[in-house]
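Order-wise, the sequence lines are chains W and D. If you read the first sequence in our numbering, its first letter stands for residue 1, the second for the next number, and so on. If you read the second sequence in our numbering, its first letter stands for residue 1, the second for the next number, and so on.
If you are wondering where the hints come from, they were derived from the structure by calculation, not from laboratory data. Bear in mind that the values here come from a model prediction, so they are computed numbers and not experimental data. Honestly, I wouldn't trust all of these hints.
[Claimed, not checked] List of simulated lysine to aspartate or glutamate pairs, EDC-like, C-alpha gap at most 20 Å:
#1 D/Lys84 with D/Glu32
#2 W/Lys161 with W/Asp151
#3 W/Lys303 with W/Asp151
#4 W/Lys56 with W/Asp201
#5 D/Lys86 with D/Asp69
#6 D/Lys18 with D/Glu38
#7 W/Lys32 with W/Glu101
#8 D/Lys86 with D/Glu58
#9 D/Lys86 with D/Glu63
#10 W/Lys32 with D/Asp21
#11 D/Lys51 with D/Asp81
#12 D/Lys18 with W/Asp151
#13 W/Lys32 with D/Glu38
#14 D/Lys18 with W/Glu149
#15 W/Lys32 with D/Glu22
[Stated by the list, open to error] Which chain D residues stay away from chain W? Per the calculated CB distances, all over 10 Å, these:
#16 Gly20
#17 Glu58
#18 Glu63
Glycine is no exception: its CB is placed at the ideal position from the N, C-alpha and C atoms.
Here are the chains, one letter per residue:
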Amino acid sequence: MAQRTPVKEQFSRLSPASRLALAVFRVRAAGKPAGIPGSLFLGLTSRCSLSCLHCKYRGGAGDLDLPYPLALAALREAAALGVPKAVFFGGEPLLYPRLAELAGAARDLGLFTELDTNGQELTFARARALARAGLSSVMVSLHSPSPEEHDRLCGRGTYQKAARALAAALKAGLVTYVSSCVFSAGPGERDLRGLLAFAKDSGAHGARFLPYSPRAGASRLPAALAAALRREDPAGFAGTCLARGRRGCAAQRADILYLGPSGDLRACPYALAGLGSLRRGTLAAALRRCGRAARGPVRPCQKRA
Amino acid sequence: MAGAKQNSGISAAVTWRKTGDEAVILNLETSEYYSLNETGTFIWELLAAGKPAARITEALSAEYGVTADQAAEDLADFLKDLSKLKILSRETAK
Ligand code: SF4
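Just chain D, same shape as in the assembly:
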């Protein structure tokens, strides 16, 4: 599985591949790469498929049995990290 990032806010300089349970993301501009843990990979795949934040929160809450508030907070932290690392070029749609 590699590469899709339709309408997702993911920077054009970013390419990625899923291997086993983890996604590896490479920023071609900085030559830095990141490996995501299982939860990060779960969110990332939805993000890359262009899902809006509300849908991702719902899915996260259902998959990991956490409250919607907790899921929203985890997602917001994750997106903030990705933005700081310049993996996201803009905020994902709310």
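Pulled out of the complex, with its shape left as it was, chain W reads as follows:
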């Protein structure tokens, strides 16, 4: 009647609640039905406290918040479909007024809850309050091990606050990741090594490296970054859009589904083409469209339709 699995040693520093959430996540992810994504990304707001030079939403994202009832409906449907994880995304999700309440609702639905943040407003008190409310994991954006380079991209003093947010999330017992945009077309291995070393030294449990692709047109960066990571990080501390031994990026594999603040659905937060609106449809209908639309050689972040 019982199946048994040991939790990886690296997670032993987590709070009991985060460790239990991780165990539930692993069980649910292992039993996930075919065709169901591993994560639902909720773009809670288009508002942001920063205006990073490289951000695709910079300047044109408007001032929208995802209506709370729509967010809740999406979480309920995702949980019923067997999606194991909800990612709170933005804009800057810490600016969403009912974030803690939503994290609690997602946790109660059995979803693993993750916050994808620039970290500027994440103090230890806030991290602890969110953890108590139902948050299990935090991903903090830090784009360079060099404070000067990070601040050049994101604004003066932002590196220090992001580093403080990482420490706060770890102290609050949350599963903590560093998230970095990688820019160069052939990722300089020196930069990649620097980012990896920085993420490991920070005490984070892992890292996510996002290939920064131009707005449209094919780019080799996602594949080049994945190849460089295989060389530089054989143990798999960091992940990227292309997973080892799997074909296509996460969006092409329909492993993620994104719900934006206006109710729009996409194969990925950066996908250029839409999959309809949750105001007039369901996640299940978008997933059917997603399966058809995401196939093909050009990744959804580079393809308009």
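With chain W's structure known, arrange chain D with the ligand on it following the hints.
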């Protein structure tokens, strides 16, 4: 649903949550976790609510249409497994 284990014999190092039909149990001392099938989850919830073995046997027999003897045997096997895994810190009350 998470966490209750009043007067149940469940180890203090154990925490758990029900998700859908299955319960996930985590032993915080060993960092091992276990997922229970539907029957295991049915028993576990009664155990965590502090029900004695006789009540659990009765409920198991009624829920799954098995004889009381069969239910008692299944329960004893399950409890033995849980004890071996150090999920139970002592035998539940007879
Ligand atoms: S479309 Fe694919 S490659 Fe592009 S950002 Fe999304 S997951 Fe990454």
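Comparing the hints with the structure gives:
1. Straight-line distance between C-alpha atoms of D/Lys84 and D/Glu32 comes to about 13 Å, which keeps the hinted pair within the 20 Å bound.
2. With a CA separation close to 10 Å, the supplied pair W/Lys161 and W/Asp151 stays within the 20 Å bound.
3. Annotation: proposed proximity of W/Lys303 to W/Asp151 is violated, straight-line Cα distance about 31 Å (limit 20 Å).
4. Simply put, W/Lys56 and W/Asp201 have alpha-carbon atoms about 29 Å apart, too far for the 20 Å limit, and the pair is violated.
5. Our distance criterion of 20 Å between C-alpha atoms is broken by D/Lys86 and D/Asp69, whose separation comes to about 26 Å.
6. The straight-line distance between the Cα atoms of D/Lys18 and D/Glu38 is roughly 11 Å, inside the 20 Å bound, and the hint therefore holds.
7. In summary, the hint linking W/Lys32 to W/Glu101 is not supported, as the alpha carbons are separated by about 26 Å, beyond the 20 Å threshold.
8. At roughly 25 Å between alpha-carbon atoms, D/Lys86 and D/Glu58 are farther apart than 20 Å, so this suggested pair is violated.
9. The straight-line distance between the Cα atoms of D/Lys86 and D/Glu63 is roughly 27 Å, outside the 20 Å bound, and the hint therefore fails.
10. For the proposed pair W/Lys32 and D/Asp21, the alpha carbon gap of about 14 Å is at most 20 Å, so the pair holds.
11. Using a Cα cut-off of 20 Å, the hinted pair D/Lys51 and D/Asp81 holds, with the two alpha carbons roughly 18 Å apart.
12. At most 20 Å may separate the alpha-carbon atoms for a hinted pair to count; D/Lys18 and W/Asp151 exceed this at roughly 44 Å.
13. For the hint linking W/Lys32 to D/Glu38, the alpha-carbon distance of about 17 Å falls within 20 Å, and the restraint holds.
14. Distance hint between D/Lys18 and W/Glu149 is unfulfilled; the C-alpha atoms sit about 46 Å from each other, more than 20 Å.
15. A C-alpha spacing of about 13 Å is found between W/Lys32 and D/Glu22, which places the hinted pair at or below 20 Å, so the restraint holds.
16. D/Gly20, annotated as away from the interface, has a beta carbon of chain W within 10 Å; the closest lies near 7 Å.
17. With a minimum CB-CB distance of about 18 Å to chain W, D/Glu58 clears the 10 Å threshold, and the non-interface call stands.
18. Annotated as non-interface, D/Glu63 keeps its C-beta farther than 10 Å from every C-beta of chain W; the closest such distance is 14 Å.
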